[in-house]
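As given, the protein sequences belong to chains U and B, one line each in that order.
First residue of the first sequence? That's 1 in my numbering, and the numbers climb one at a time after it.
First residue of the second sequence? That's 1 in my numbering, and the numbers climb one at a time after it.
Just so you know, these hints were derived from the structure itself, not from any lab.
Just to be clear, a hint being listed does not mean it is correct.
Since copy identity is lost for identical chains, a pair holds within one copy or between any two.
Said to hold, decoys possible - Cross-link-like lysine-lysine pairs, in silico, DSSO-like; alpha carbons within 27 Å at most:
hint, residue 1, residue 2
1, 318, 265
2, 220, 84
3, 355, 151
4, 392, 44
5, 392, 151
Number of protein chains: 2
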Amino acid sequence: MFSNYLARPCRYFPAQCTVVKFLHTSPVKCSSVELTQIRYSNLKRGNYTSLADKHVSFFESLLSKTRVLTDKSDVESYNVDWLKTMRGASKVVLKPKSTEEVSEILKYCNDNVLAVCPQGGNTGLVGGSVPVFDEIVISTVLMNEIISINKTSGVLVCQAGCVLENLEAEVTERGLVMPLDLGAKGSCHIGGNISTNAGGIRLLRYGSLHGSVLGVEAVKADGTVVDCLSTLKKDNTGYHLKHLFLGSEGTLGIVTKVAIQCPPKPQAVNVAFLALDSFEKVLATYRLARSCLGEVLSSFEFMDRDSLMVAVTGLKLKSPVPEDTPFSLLIETSGGNSDHDEAKLSLFLEQATNKGFINDGTLATEPSRIKMLWDLREGITQSLTMDGYVYKYDISLPMEHFYDIVSIMKERLKGTSFIRCCGYGHVETSLISSNLLSTSGQPSTVAVSALSMASDSRRRLWFTSPSLLKL
Amino acid sequence: MFSNYLARPCRYFPAQCTVVKFLHTSPVKCSSVELTQIRYSNLKRGNYTSLADKHVSFFESLLSKTRVLTDKSDVESYNVDWLKTMRGASKVVLKPKSTEEVSEILKYCNDNVLAVCPQGGNTGLVGGSVPVFDEIVISTVLMNEIISINKTSGVLVCQAGCVLENLEAEVTERGLVMPLDLGAKGSCHIGGNISTNAGGIRLLRYGSLHGSVLGVEAVKADGTVVDCLSTLKKDNTGYHLKHLFLGSEGTLGIVTKVAIQCPPKPQAVNVAFLALDSFEKVLATYRLARSCLGEVLSSFEFMDRDSLMVAVTGLKLKSPVPEDTPFSLLIETSGGNSDHDEAKLSLFLEQATNKGFINDGTLATEPSRIKMLWDLREGITQSLTMDGYVYKYDISLPMEHFYDIVSIMKERLKGTSFIRCCGYGHVETSLISSNLLSTSGQPSTVAVSALSMASDSRRRLWFTSPSLLKL
């Protein structure tokens, strides 16, 4: 049934780590990115039909010429991923507007053995959103209609191509908030968020998409429309198939519509930025925060010294904590009453100080100060890439072993060309972004080997992206 | 692969409504409950092997004699459901202690074409937990080991046969709370909660089990163990298969282990009991509560006049609101600081009064008063059955149509033997328990017809139990 899908490229790569050279300091033209099929020459194209004029004619008759891109310069940006490390060789981009059009396209492609590659905002960092060979790109960019927002139930129903930030703006006007938020919000599509089961900085507060997504409509490879678009918070009819589409990265079908439960918008936000001298104290502080801040705790972000200093240097900001602080935490509360939240946060800080968990820190209640502290945390990824090539791995580990991956990698990389190894991430989901900085931009067996060795040292490693599964 | 499973009996019944004659006023012996296969004579037994001595010998060699019940009096209670409206004819009950034993049992049954019926706490109200014919009962009652409780991450890992109330007691000692709570907590097994995707009164606060359940281990019909027992809050490896076991009622396999995220235990609880004069005001009050109470709102329970008065009469309590109040609400807050929560609740009540949403009400902060108010809400089900036979339907409807089912049924039942039609439930999940009271205990085509007609009046009805799907 799924014969017209190439397995997502990310599942193939021999070295699945992502190598990033920061784009601002060294802008890369799309056309100069090496073709994925050349870079990974062991990849074999499936036995799919090559695109012919008659196929394009069919698509044009279905969508009109304006929604079928075939000009090389138009197609180019759909072939290259956001990090400009992967490049496909697709010759056509289709822009359906409706579920019915997606269905017609997939049915036709299935009947004619044409490979396809669904694409949302193309903000993925593991090469999953772009073709490997000449797959037809089906972009959800024009499927951006908000179908309904129910102010009573807080349920948003929309098409899959809606940009997360636009949805946030719409629900905010109605006193609601999107249950997820992530750095790529200005470009990423909600359909892509669902297909990759995106987490982000609100997961601590509002839980995973498996809890927030009430319904999904998707189209299977043969054109069949799967209607699991319930808008009920509890719907026990039949098997709960919609969950299979969360995180399946388009391999089971293209998500076309989504129903999401949006919580009420918090009225007050406070942020504390804290200095700690050991990872054990990070965990102890997390336990204390869960207990003292309970229902208003909304973020608990962790960064080690190197991560923080890279951001401080890159963004030319003053460090809110002493520069030799081994570990820093950004803790955010959000709730219905600013005074209440501040009182809870003060009590928590008092206890954390008295117990010796934290050495230093700063508290921000003004939006500009809060933004500055968040900029530091969110600027790490970008700043990391300013002085070399970065090998990135985002990994979930059991909380108590959260930081081991960095310590183990540091050990393994002694005496190599790697000049920095650091980690930061969400403590709640035990998701650490571990980064190796090298002067070389080629896939490095040393980097891969370092992670493999780290992996060996635990019974099991849980990777947050399937692209890293087979390392 | 699933050939040794009889489809759950609840999927067959021509009249899927549950008829309840309250047990306390008219105790029913298990042996006097009519056999399901006689009551619903259109049901046909599948072509399964009948139990023979050699099968029992095998089970005894596997489990020892003490964990293989064959004595009629021992087996009896496993054949009859909690409401004593269904009775199977099983001749043997098996009590495995481990996943390996469940696997061995299922493999043997599959190889020998023996039908099985998995059973947890046997607290289900739709006949799904008892055999229809002579299926072998596999009880999880001895699979009650708590494997781990991680105080840092709040993750509980346990066997499927743990009783919910026992788990609550264990996690409470560690400053945590189970993310679900329901009336049957003293008997129901966590494996059954998962297999039926139980909701309950904490769903508003902590979301559905799809968000809270981090991992599931289950055994398929052929004995294969499916290990999805992740303990990570985010685990994007592979397809998210564990969700298929939530709400699939044992048809895909027997859940043997569970990993659940337990939130921190709230320190303070407050309850308001309010009187309203229209259903529109119920919804307006819900919107206001979501906005004013935000993160501390933990329950929003609704009941109409008849439901409340039945509980007041049945429990011999004084009504906290005037007896002619058309609609009542029980609103609970729970949070980290009692003063903060009371302040938020007071502000909410002031606004709701000023806007004319609520007419009257009472506020409780003392545990004994809180319990009394909850007793009224939780006592409805029991009290309803004291003066006749009750036909019960639990249905999720879009929030704005939440109460329509009762109005439509009242209209349809005019001039029949039905003496009461009332509704109550969780507003957050739009889950209404609609109840018809009759003097007759036989399955009533009038009752079924009333619901069917109500169903016709909407494009679609969502039933919370698959047993009601085919009505």
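message: Flag every earlier hint the structure violates by its number, smallest first.
response: 1, 2 and 5
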